[in-house]
Amino acid sequence: MVAHLLRLKLTLLRNSFRRSPWQLIGLAIGGLYALGIAGICAVALILLRSAEVELAQTFVVLGGAAAVVGWAVFPVVASAVDMTLDPARFTTFSVPMPRLLAGLALGGLIGIPGLATAIVALSTVGTWWRGPVGPMAALAGAVLGVLTCIVLSRVVTTATAGLASSRRFKDASSLVFMIPLILLGPLAAVVTRGIAESADFLPGFARTLSWTPLGAAWSLGGDVSAGNPGAAVLKLLIALATLGGLTWCWKVLLERALVSPPYAGSSRRKGGHLGLFSFFPATPAGAVTARALTYWLRDPRYSGSLVVIPLLPVLMYFQGSQTGDYGVLTVIGPLTAFMLAWAISADVSYDNTAFALHLASGVRGLDDRLGRATACLVFALPVTVAFSIFPFMVTQDWIRLPGVVGFSLGILLTGLGLASVVSARYTVAVPLPGDSPFKKPPGNVAQTLGVQFGGMGVLLLLVSPEGVLLLLEIVTGDPLFGWINLAVGPLLGLVMFGTGVRLGGKWLDTRGPELLAQLSVNR
Amino acid sequence: MTLPLPDQPSLPPSVPALSLRGIAKRFGGKIAVDGISLDVPSGSFFGIVGPNGAGKTTMLSMATGLLRPDFGTALVQGMDVWAHPLEAKRLMGILPDGVRLFDRLTGEQLVTYAGLLRGMDRAVVSLRVRELLEALDLTQDAGTLVVDYSAGMTKKIALASALIHAPRVLVLDEPFESVDPISAANIRDILDRYVASGGTVIVSSHVMDLVQRMCDHVAVVAAGRLLAAGTVDEVRAGASLEDRFVQLVGGRSKTEGLEWLRTF
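In the order they appear, the protein sequences are chains A and B. Mapping to my numbering: the first sequence position 222 is 222, numbers consecutive. Mapping to my numbering: the second sequence position 120 is 120, numbers consecutive.
You may find that some hints are simply not true.
Residues of chain B clear of chain A, computed beta-carbon distances all greater than 12 Å [said to hold, decoys possible]:
no.: 1; residue: K30
no.: 2; residue: S42
no.: 3; residue: P51
no.: 4; residue: G53
no.: 5; residue: Q140
no.: 6; residue: G152
no.: 7; residue: D189
no.: 8; residue: Y194
no.: 9; residue: G198
no.: 10; residue: G230
no.: 11; residue: R236
no.: 12; residue: A239
no.: 13; residue: W260
no.: 14; residue: F264
Per label pair, the in silico range of CB-to-CB distance [unchecked claim]:
no.: 15; chain 1: A; residue 1: L491; chain 2: B; residue 2: V124; range: 38 to 48 Å
no.: 16; chain 1: A; residue 1: I40; chain 2: B; residue 2: L86; range: 56 to 66 Å
no.: 17; chain 1: A; residue 1: R89; chain 2: B; residue 2: A223; range: 29 to 39 Å
no.: 18; chain 1: B; residue 1: V246; chain 2: A; residue 2: H273; range: 47 to 57 Å
No lab work stands behind these hints, which were simulated from the structure alone. Where a beta carbon is used, it is the ideal one built from N, C-alpha and C, also for glycine.
Turn these sequences into a full structure, and let the hints guide you.
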């Protein structure tokens, strides 16, 4: 049975490549990246062999505990757990529970995260290759640790399956997860500074963790090498009890989940609230604007980028406070303009086959383009202006303001124009509607990269007049160039916007069906 | 395109609601639709039946301007779908099968959106949305996001989106799939009244009983070819539509064998 499940998992993996060779390439790139990091960790762990026992022990235990926490937390918040061996699909087969558990647990090892964790864990054997017993204890610890990771992640996903299948939770969790991810840099800086100031904090923390279920398994090799067989035996018991307890929890949860499938119900709600559709003109373009704006607010794939935007000034301000030079803050205006404008370059790809409604309704391409660009402009314009002004409120050096505002507006309008053309012609690989923004999207990765980088190159070319003016202002220090930029940016931007919307609309009119055909491949 | 045209003795003299001429599509090495010519008389309730993978959806997509044919033409009320797409689409209401909806809108918003996209007046849209939701028994869920709808409700809201602009021709791909019997009966009533007042309905289905009861004309499609077309009575030629269909399409396996299934 166990072998059956493993073979099933491998077959599923292999068949997923048959759909397109690009999937294989995507997996190869992801795999190389993950295995590269795993390899670096493994080499580091083996090099730790010549380090002091306490130092090595601190690294191994903290790293191991972090891995356990990661396996528990990541699948839930990213709602990106690998469900190829979803236990719910085995309900009709009456598989004996112990074999199902063993098969599913080992199946969890197949895949990039499982393999990477296993490689790194097994490298601790190298770290403790200092005596006859050390490596054996480390090996036992590694096996226990990896199994704990996998079983724990299964416990968490099974327990939250009901929660995770509710759309609201999925939407919210993927948004909340964005915030720590963006603030990772500053957070890491604060944490490392704190740690540097109290050098003996980490070893003490690791010692404490090693007596908890999180770190017990990982500390076996170190304790044996340090000559504490008594502690090692106790911790082995803790680790075994942890794994046993988790397996029992998993069994109980799974038994319950198999007979009561998750129900993703929601309350019924009467109508009467048309939301944004009441605020925009009752024209095709107005309707598209209202629809697109509704999506910016309701679809986590869009609102994810909205969550990032307010964090940008925070991030840059932090950067500035580190170095004491707030000049770098002026970047956020143009940067925000670019990010928001470029966000709609994948608009039709985000629609996926829902785009068929536009096609079937005979919406003119011009209305489609204009509606989508306006929706973005509605909030991007005030945000861009505000973010262009904000840095100068910090630096109080107002002389550069006109130039930066002109440059930002130029980027925003030109970017929207170009994005309107790009999304009318090319589809890119994006997460499907309803999927987590973190999920690996299906489709052609190479084309996505080509379109994205090609588009950005063209954008760079299109905004070069504003860029040159900004450079001239910085080099000569003459504020006149800034004032010229304030006029040129919006004017040239408006021309580009109009041209882009018109050209994109024309392409959409002639190639709409081909675009839909491309979209229906990615599903 | 050597396929002989099927007999179509009862063509009315007026312009057909939908007219396909040698329409064909190939996907890679597979020919999905192999030169189909078909006239759908104006004012008819026209069923298109065929086994899974027969090319029904591909054919209807090409007829409605969603998929560009490799060969052939499609005319709706005499208007070339591929030469004048915007004008032709104004005449049609389309319920495509297997495409997503803008499902982060509420049901009410989605149907309103479909109306506004057609350039309709806000007051008219609002009135029709209310009546459509009422008729399709979706009023209680009008404010629920479509993503939270059941499969049948999703089908119904898509149907409402196709009806909102009072089209001359309705093209419905599998409209009754996963719709409950009461809603299906309601939808049939709506469609019957629509046909009685001069509209044309084209439905694809693989439920023969339904087509026999509901439609006055039928076309049988298999492996991308048109096997028969005409009034239901002409096509079934005395037999039940289901038997005639099996006879035309073939491929019914003998029910011998599987003896072990009775040994328990």
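Here is how each hint holds up against the structure:
1. K30: 15 Å, holds
2. S42: Non-interface label on S42(B) holds, nearest chain A Cβ at 21 Å vs cutoff 12 Å.
3. P51: Since the minimum Cβ distance to chain A is about 22 Å, P51(B) lies beyond 12 Å and the statement holds.
4. G53: Given that every Cβ of chain A is farther than 12 Å from that of G53(B), nearest at about 16 Å, it holds.
5. Q140: 5 Å, violated
6. G152: The claim stands: G152(B) keeps its Cβ more than 12 Å from every Cβ of chain A (closest is about 14 Å).
7. D189: 23 Å, holds
8. Y194: Answer for Y194(B): holds, closest chain A Cβ roughly 18 Å.
9. G198: 22 Å, holds
10. G230: 28 Å, holds
11. R236: 32 Å, holds
12. A239: 36 Å, holds
13. W260: Label holds. Min Cβ-Cβ 19 Å, cutoff 12 Å.
14. F264: Non-interface label on F264(B) holds, nearest chain A Cβ at 17 Å vs cutoff 12 Å.
15. L491(A) to V124(B): 38 to 48 Å: Given about 40 Å between the Cβ atoms, the range holds.
16. I40(A) to L86(B): 56 to 66 Å: 58 Å, holds
17. R89(A) to A223(B): 29 to 39 Å: Taking Cβ atoms as reference, R89(A) and A223(B) lie about 33 Å apart, which means the hint holds.
18. V246(B) to H273(A): 47 to 57 Å: 50 Å, holds
Hint 5 from the earlier list is the only one contradicted by this structure; the remaining hints agree with it.
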